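As you go down the protein sequences, you meet chains A and B in turn.
This note's numbering numbers the first residue of the first sequence as 1 and each following residue consecutively.
This note's numbering numbers the first residue of the second sequence as 1 and each following residue consecutively.
If you are wondering where the hints come from, they were derived from the structure by calculation, not from laboratory data.
Hints are not guaranteed to be accurate.
To be verified - Some residues of chain A that are not near chain B, with every Cβ distance over 10 Å (derived):
id	residue
1	S13
2	L21
3	L25
4	V48
5	C50
As the list claims (entries may be wrong) - With the Cβ distance kept under 7 Å, some of the chain B side facing chain A (calculated, not the full set):
id	residue
6	D104
7	I106
8	L205
Predicted model, so just to flag it, every value in this text is computed and none were measured.
Each residue gets a CB set at the ideal place from its N, CA and C atoms; glycine is no exception.
Next come the chains, spelled out residue by residue.
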Amino acid sequence: MTLFNLFSRRQGSAPLARDRLQILLSHERSVCSKSDLIGVLREEVVTVLCKHVPVGQDNVTIRMDRGATLSMLEIEVLIHTPPAR
Amino acid sequence: MAKVLVVTSGKGGVGKTTSTAALGAALAQTGQKVAVIDFDVGLRNLDLVMGAERRVVFDLINVVQGVAKVSQALIRDKRLETLWLLPASQTRDKDALTESGVADVIKELRNTFDWIICDSPAGIERGATLAMRFADAAVIVTNPEVSSVRDSDRIIGLLDAKTEKAEKGEQIEKHMLITRYDPQRAKRGEMLNIEDVLDILSTPLLGIIPESQEVLRASNIGAPITLCNAASAPARAYLDAARRLRGGVVPMTIHGERKRLLVKLFRRAA
């Protein structure tokens, strides 16, 4: 803590403010845009699928895992098949 | 062509109303016909800051509800012929503002004014989203301080999602206005500097308004700072910003402070 105090006294607190903001906002932006993106994707996927197969809003699950180098988008669609005759 | 500008910030107390009055007056001082609208229903203050508080007869909600015509509610500034104010209601509920009502008012004002400046309430609720709804451009007022920067980031997200322009797939023009800036403190690393704020928010800069006692004096008197003391550092900064809004290329200077900074440096070197 004393070391930190010495450091911050020399540098001022603004760099710390900037770093905290950068970390916080990169997180908040990803959360906000993610929820929007998934909502839009779900709506559009359902619209397209509905042209060909009967699916409802509830039958489509969309998940996204964001990684540092690789992100995965997972779309799961449940289609009720009519009983075989 | 009329331009609708929203002055917004998310956070309260950063200088939206001061900036609306100053930019409105600055644009009117160049001969532009300007209407400033207070969207802060229940907590109106633009009338007070502009010195028109005793001349309010009708307000925005009266107009939206059809009780009064736009022309009856508009108050002409006593000092500037081309500056008009449409006050907010102080007594009504903010839910009395409807989207279609606001759309009609702005549409009507577009016919007669060059600039329509909407002073947004703080927050991200209905009043704030209605103030930005029909804007062509936004001025995001930010203090060099963590909570203000964070809230500005949130507001930028809303501007890109909730405005009519954004919904049509167009880009809303965004401008950062940094207020209460103290270049000495920023230089010492005690305050976020301009580069930090712009880097974090990645939005073009409209102006830097230095911290100044003149701003309080102007609101005490009830005059926009650009009229109260046009030679003061914040007034010159607002006048520059207004010129930039009109498309002028004005070099970005931190008014009033540069000389002092140089003097200080000389003193330190001596």
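**Request:** Could you check if I106/B really has its C-beta closer than 7 Å to a C-beta on chain A?
**Result:** violated (26 Å)
**Message:** So, as I understand it, the hint says D104/B touches chain A; can you test that by seeing if any CB pair is closer than 7 Å?
**Reply:** violated (30 Å)
**Prompt:** Holds or violated: is the Cβ of L205/B closer than 7 Å to a Cβ in chain A?
**Reply:** Violated: closest Cβ of chain A sits about 16 Å from L205/B, beyond 7 Å.
**Request:** Determine whether the non-interface label on C50/A survives the test: each CB of chain B must be over 10 Å from its CB.
**Result:** holds (23 Å)
**Request:** Find the nearest Cβ of chain B to the Cβ of S13/A and say whether that gap is larger than 10 Å.
**Result:** Violated, because the least Cβ-Cβ distance between S13/A and chain B comes to about 6 Å, which does not exceed 10 Å.
**Request:** Grab the minimum beta-carbon distance between V48/A and chain B and tell me whether it stays above 10 Å.
**Result:** Given a closest Cβ separation of 19 Å, the condition holds.
**Item:** Outside-interface status for L25/A - nearest CB in chain B farther than 10 Å
**Value:** Per Cβ check, L25/A is inside 10 Å of chain B; nearest 5 Å; violated.
**Item:** Distal placement of L21/A relative to chain B, Cβ over 10 Å
**Value:** violated (5 Å)
In summary, the structure is inconsistent with hints 1, 2, 3, 6, 7, 8 from the numbered list given earlier, while agreeing with the others.
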